[in-house]
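Participant: From just these sequences and the hints, can you work out the full model?
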Amino acid sequence: MSFKTILSVIGNRDQETDIAKAIELALQMDAHLTVLVMDIAITPTLSDYPVGTVWLDQRVEDMKALQSTADKAKNSLDIANIPYDIEHFYTERPFAADVIYRHALYADLVLLGEKTRENSALLSAVVDGAVFGAQRPLLLTSAKDKPAAKVRKVLLAWNSRPEAGRAAREAMDLLRHAEAVHLVVVDPDATYLANGGEPGADMAAYLARHGVNVVVDQLPSGGRRVQDVLNSHALEVGADLIVMGAYGHSRLRERVFGGVTQSMLEECEVPVLIAR
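For the sequence shown, full-length UniProt numbering gives the first residue as 1, with consecutive numbering after it.
Bear in mind the hints are in silico, worked out from the structure with no lab data behind them. Since we're looking at a predicted model, the values are computed, not measured. C-beta: ideal position from N, C-alpha, C; glycine also. Warning: the hint list may mix true and false statements.
[As the list claims (entries may be wrong)] Just the calculated beta-carbon pair ranges, DEER-fashion:
| hint | residue 1 | residue 2 | range |
| --- | --- | --- | --- |
| 1 | 237 | 79 | 31 to 39 Å |
| 2 | 238 | 20 | 41 to 49 Å |
| 3 | 209 | 43 | 48 to 56 Å |
| 4 | 55 | 150 | 20 to 28 Å |
Facilitator: Set out below in C-alpha cells:
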C-alpha cells in the first residue's frame, strides 16, 4: 500500500533530528504528516505522599518543555511547507497508548525516531497503541539511514508466520520499487509445518508476481541471536531497510526474556519497518 498519511510520534526534548527525518520522509512520499508531541507524566513515589512541591515543579517543567518542543516542531513544519497537523499531550502512563491508538487509526504509517525510542515508557506506548491497537506498520529510523521512499535494497526477514506476511504486504510498494529484496530465512526448517520443502521459495514466488526482484538467502545462525544475524546481513548486502513481523512470541515473553522485535526497537543498524 502507499503511505499517504504518516504519524510521527516525538518526545519532549532534543527532537530536532526526529522531526527533520519525519519531514524528509513526508516530502519524499508526498504524504500528509501528523505530528504527535508527547510526554508521559511522572508519577509520585510513596515517599511523595502527600504530594510535594518537587514533584509538582517537575511536572510544570515537563509541560513547558513539551510546549517548547511542539512550538519548534510547528516552526519546522511551516518552513517545510508540507500538509500537516500537530498536537501535543502530557498524559498519564495508563492513557498514553490510547492517545496514540486514536491517532494511528487514521495513519498509514507510524514513524519513531532514535531520540523518542530512548524514552522507554513512550516507546512501549507506541508499540501498544500503534502496532497492537491500531495494527499499523511502524518505521524505526536509525543514525545512518536513507529516506524510506528512496530505498534501493531491502532485507525481508521471513519465518513463515502471519506477522511477517503482513509486514511484507504493508511494505509492498517499497519492495516493488527496490532494486533488490533479500528474503532472509534464518536457520530454515524444511518441514511442512515450518518453512516448507524449499524455505522461502513460496514467499519469493508470491513477491515475484507483484513485480518484486527477490532473492532468497538461507542463513545459519551459528549460535548467534537472530537479530544479530539480520543486522549483520543487512550491512553485508547494503540494505537500506529491514522489513519484519513484530512479536512472534507474546509481548510479555519478549519484554522479560528479550527477542528479535524488542532488540530492534531498542537498537537497529538500519531503518526497520515492523508490522503485526
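Participant: Which numbered conditions among the earlier hints are violated in the structure presented, ordered from lowest to highest?
Facilitator: Of the numbered hints, 2 and 4 do not hold.
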